[in-house]
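Chains as they are written, first to last, in this note's numbering: chain A, 623 to 972; chain B, 304 to 673; chain C, -6 to 306.
Simulated from the structure, these hints should not be mistaken for lab results. Possibly wrong hints are sitting among the right ones.
Dumping the calculated SDA-like pairs for lysine to any residue here, alpha-carbon to alpha-carbon at most 25 Å [what the hints assert, rightly or not]:
hint	chain 1	residue 1	chain 2	residue 2
1	A	K874	C	L126
2	A	K797	A	R878
3	A	K674	B	K605
4	B	K605	B	R630
5	A	K746	B	V351
6	C	K264	B	K605
7	A	K961	A	Q823
8	A	K874	C	K264
9	A	K874	C	I0
10	A	K700	C	P2
11	A	K700	B	W483
12	A	K948	C	K264
According to the in silico footprint, chain C covers these stretches of chain B (three or more CB under 8 Å from chain C) [to be verified]:
hint	region
13	472 to 486
14	525 to 537
15	624 to 637
Here the structure is a predicted model, which is why all the values come from computation and not from measurement. From the three backbone atoms N, C-alpha and C, an ideal C-beta is built for every residue, glycine too.
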Amino acid sequence: MSRLLGSLLSALVLLTAACAPQSGAPPSSGGAAPAPAKPEAAAKPAAGSSLKIAMILPGPIQDADYNAVGAQALDEIKRQTGAETAFSESVAVADAERVAREYLNSGYNVIAFHGGQFLTIVQKLAPAFPNATFIMESSGQIPDLDPNVWNIGRKFYQGFYVLGVLAAATTQSKKIGYVAGVKLPDFVASLNAIKQAAHEQGGDLQVIDAFIGDQNDPVKARQTTASQIGDGVDFVVVSVNLGVNGVAEAAKAAPRPVYFTTYYTEKPELAPDRLTVSLLSDFATPYLQVVKAIQGGQRGGYVEMRPGNGFQLSEIRNVPPAAAQKAKEAFDAVAAGRKDIPEITDHVID
Amino acid sequence: MATRAEEAASRARGASLGFWQSLAGEVAVYVAAIAVALLLIAFILLLVGSNPLVAYGTILGSSLGSLGGIGQTLNKASPLILGALAVAFAMRGGFLNVGVDGQIYLGAICATGLAFALGSAVPAAVALPLLLLAGVVGGALAALPAALFRAWWGVNEIFVTVMLNFVFYNLADYLATGPWNDPMAGEAISRSIPRAAQLPPLLPTAGAHPGILFALAVAGLLAAVLGRTQLGYAIRAVGDNPAAARVGGIAIAQVALVALLISGAIGGLAGAIEVSGYHQRLILGLSPGYGYMAILLAVLGKQRPWGVVVAAFAFAALVVGSDSLQRSVRLPQSAVLVFQAIILLTVLFAEALRAGGVGRPFRALWRGTL
Amino acid sequence: MSADLFIDPQLLRLTVTIAAPFLLAALGELIMERAGVLNVGIEGMMAVGAAVGFLVTWASGGSYLLGLGAAMLIGALLCLLLGYYGISLRGQQITVGLALLVFGQGLASLLYRAAVGVQFAAPRVEVLPSLPLPGLAALPVLGEVLFTQNALVYLAFLLVPVVHLVLFATPLGLRWRACGDNPRAADALGVNVVALRYAATVVGGLLIGLAGAYLPLVLTGGYSDGMIGGRGWIALMLVILGRWLPWLVVGGALLFAYVEALQFRVALVTKAVPPQLLLTLPYLLAIIVLIWIYRGARAPAALALPYDREARG
């Protein structure tokens, strides 16, 4: 009996494992992929061959969201520079230092951390491994970084300002919802940017925010969006990752039309008549800038990822053309540096 | 199920060669189970086109084959050993502490809070012991509701500890994103604790902290308590046969209280060490499920302190090593998890088959009223 | 904060929808525990149920029947494994439950990865449509809250009286509970304890798999790693909170879902309390309720104890 069960179990596992593709395969582009990196004067593959780049991803690359774009950026790096690349996915913060050390011990000389939660690990490892170069992401320029650290500052709030403009121009109930995960400075800044846009639109618009504590829990996201809809919200700006699936379902189930936005990827299948726009995040853009600088001998520095350099608007749907136009104009203004939005991270403005 | 007389007899035999024989028998079963699991996994690896020898070589090499690897294994082993010890200690009394995660978090919170309160002026010789003490107190506090409810009203400790896991996790979330947040870090990560409050490294180049030393010390301490003290005797008596223990005059409610508090305290210590030695901050995700793995490890280690140390260390090496599978043969993380589970399951099944069904039942486990 | 906040029909309706997976999983666990089998791996089994349920529905072009059936099957299979270890091998059910939890979580993610791969358009399915019950749906408040739900909600709530009746009003139920309370006596009276316990694991597994599939097929339309989010543990706790009685379990599930839903409404209104602390409300409430009602509750006396026919005494 035990043998039978044992072989049944093995068969089950074998069957599933037999279908498992090797990881690291390039993602198939089902649906619109984010805009490819600007074709710069690509370095000859030979010049990049001394770089061994490892990327640490906080989640699974099949999420069609944040981690997928990270893996895509790495692929783009490999394609354009010929460097040898590897990645580890679903790395928890508590394990990231260990995984990074393993790469370093295996001869990788550039370690990239795709996420804002790894600063402390970089601060620890950079002085200990002066011959390696580290790439990290954050919300802005971090002072006193070691000379072998590249810092990509992601100015999400600038993109969210534009989403706020769209929301303010579209909402009919005058109530805009904001659904975020963990209450962090990054998201507080984005919330404030949306409020700024609402103020500028005028007409007494209200922005109702919710921090549900988890970026990836679609059920919680659905519950909270349903609460907001019950309160009168008809446009939701979404700052969660996989939780957006829950927001979509809540929007679809709402008794009156409710629209929402998303980010990182386009997500064309997600409630096609309720999704308005996605703030596309092409991480390949800043990463390529950094890697090429490393190839050129510059071991540390700062690159900003912002509308116009990595952030783009997808096609805007399901809103009045005037609102879409307003959003596009706002985006261009921010990208060109003509519009200055305050970055307020420590408290929520009224 | 062995009677008391049979157990006493086997203990007497323990001093003789029979003890080593039975120990060898147990170890042989574990080794055989792992061998079966490795064969199974090798088969799967071959199916997906990877080379099992490369894979296994990398696992060993990255966990134990280099100083760096050993350092990381030691780091991983520290909370696993302490967590498993915490669970095992309570288990000997027949109590199931499923709240180690919450105790780790509250211990970490207390240690971090104390570190900030003390500031940079206090020297390490003062700060470090206080910090670890804060962790111990925090962990005991986290276990206190469960312990009290169990002692007073016979409320099952499993429920309260699991619920409190969520509570303390969210408390850590609030602190790490709110009052203690490091605005530069951009995540649920607190500011760095003062240098004086950070445990000095054990193996600087390998990045290992001295947590393992504390873990081993606690193991020794628990072995002594269980084997040689009145308290230890009382705990074991309650675990073996609560009815007889009550008749024998042991105050079960008090034993429950003390056992669960000590268990929680050990968990809290693990949390303090993670903050002071490993991260130097309070971060959300400090405990990636250590609490639940601790239960498995406590059972695999037969609830004996040194058995637990071995099981937890082996598992730490497995976790550290198998992460390398993503690198060497490009397996997705989920496959790595499945492999770890396969190893655990084969060991469990092999052990159960060998024991012929003579397990150590948790008599007092689901009993509510005392 | 007006009273509206607490009894808004929309809120209540969503509460009922959210409570259903808790209820299904808790009922499955209750059925198992009443026969003496403890399964702490619900979280992992629900994960596999979610992945399999979603993938089969998606691959079959939208057949809920196939998807739900497959999820139930895989849930039963995993519980069978647990049953074999705990019943026939007489091992410790808690440990194998935890090992199966880890296995389930890894397997769910692996299956999804194997079937879907890495792409930018995550596969989605239409969620189960709501089925308004003719006549009843027109009732003033109750109509919206209770009778415009989907088929699985109706199933879950119907199961409550069914399980109660079978357990407490049939000879089978008596034998079932005997296996959990006093297997030795049951055995002496001719009850096949082993067979009944295996049956319990299978039935429980069917419901747990179904509960897992509910999340993608009703609430989110897609699968993502970690979407179970601790709900398996909550279901385990609901059985204790409900004192192993179906009617109390459904009350607990509704209460928990209600507080969960409420916390988001409250967060919208009060800025004074940090949202993370509000998130602890359901768990604190559960502890308070447990203390209040627990006195005198008895678990099935032989729960999680392996039954050995040959052992003496």
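K874 (chain A) and I0 (chain C): Cα distance at most 25 Å? Cα-Cα ~23 Å, so holds.
Holds or violated: K874 (chain A) with L126 (chain C), Cα cutoff 25 Å? Answer holds: K874 (chain A) to L126 (chain C) is near 21 Å, not above 25 Å.
Are there three or more residues in the region 472 to 486 of chain B whose C-beta lies within less than 8 Å of some C-beta in chain C? Check passed, 6 qualifying residues.
Pair hint K264 (chain C) and K605 (chain B), alpha-carbon separation not exceeding 25 Å: violated, 50 Å
Restraint check for K797 (chain A) with R878 (chain A), where alpha carbons must lie at most 25 Å apart: Status holds; Cα separation ~14 Å.
Is the hinted pair K948 (chain A) and K264 (chain C) satisfied, with a Cα-Cα distance of at most 25 Å? Violated, because 32 Å separates the two Cα atoms, which is more than 25 Å.
With the threshold set at 25 Å, check whether the alpha-carbon distance from K674 (chain A) to K605 (chain B) stays at or below it. violated, 45 Å
Check whether the Cα positions of K605 (chain B) and R630 (chain B) lie no farther apart than 25 Å. Since the Cα atoms of K605 (chain B) and R630 (chain B) sit roughly 34 Å apart, the hinted pair is violated (cutoff 25 Å).
Would you check the hint for K700 (chain A) and P2 (chain C), treating anything up to 25 Å between C-alpha atoms as holding? Between K700 (chain A) and P2 (chain C) the Cα gap is close to 54 Å, so the pair fails against 25 Å, i.e. violated.
Starting from K700 (chain A), check that the Cα of W483 (chain B) is at most 25 Å away, please. Violated. K700 (chain A) to W483 (chain B) sits at ~39 Å, over the 25 Å cutoff.
Compare the distance between the alpha carbons of K874 (chain A) and K264 (chain C) with 25 Å, and conclude whether the hinted pair is satisfied. Violated, because 28 Å separates the two Cα atoms, which is more than 25 Å.
Establish whether the coverage given for the region 525 to 537 of chain B by chain C is satisfied; the threshold is a Cβ-Cβ distance below 8 Å, and no fewer than three residues must meet it. violated (count 0)
Taken one by one, the earlier hints fail for this structure at numbers 3, 4, 5, 6, 8, 10, 11, 12, 14, listed in ascending order.
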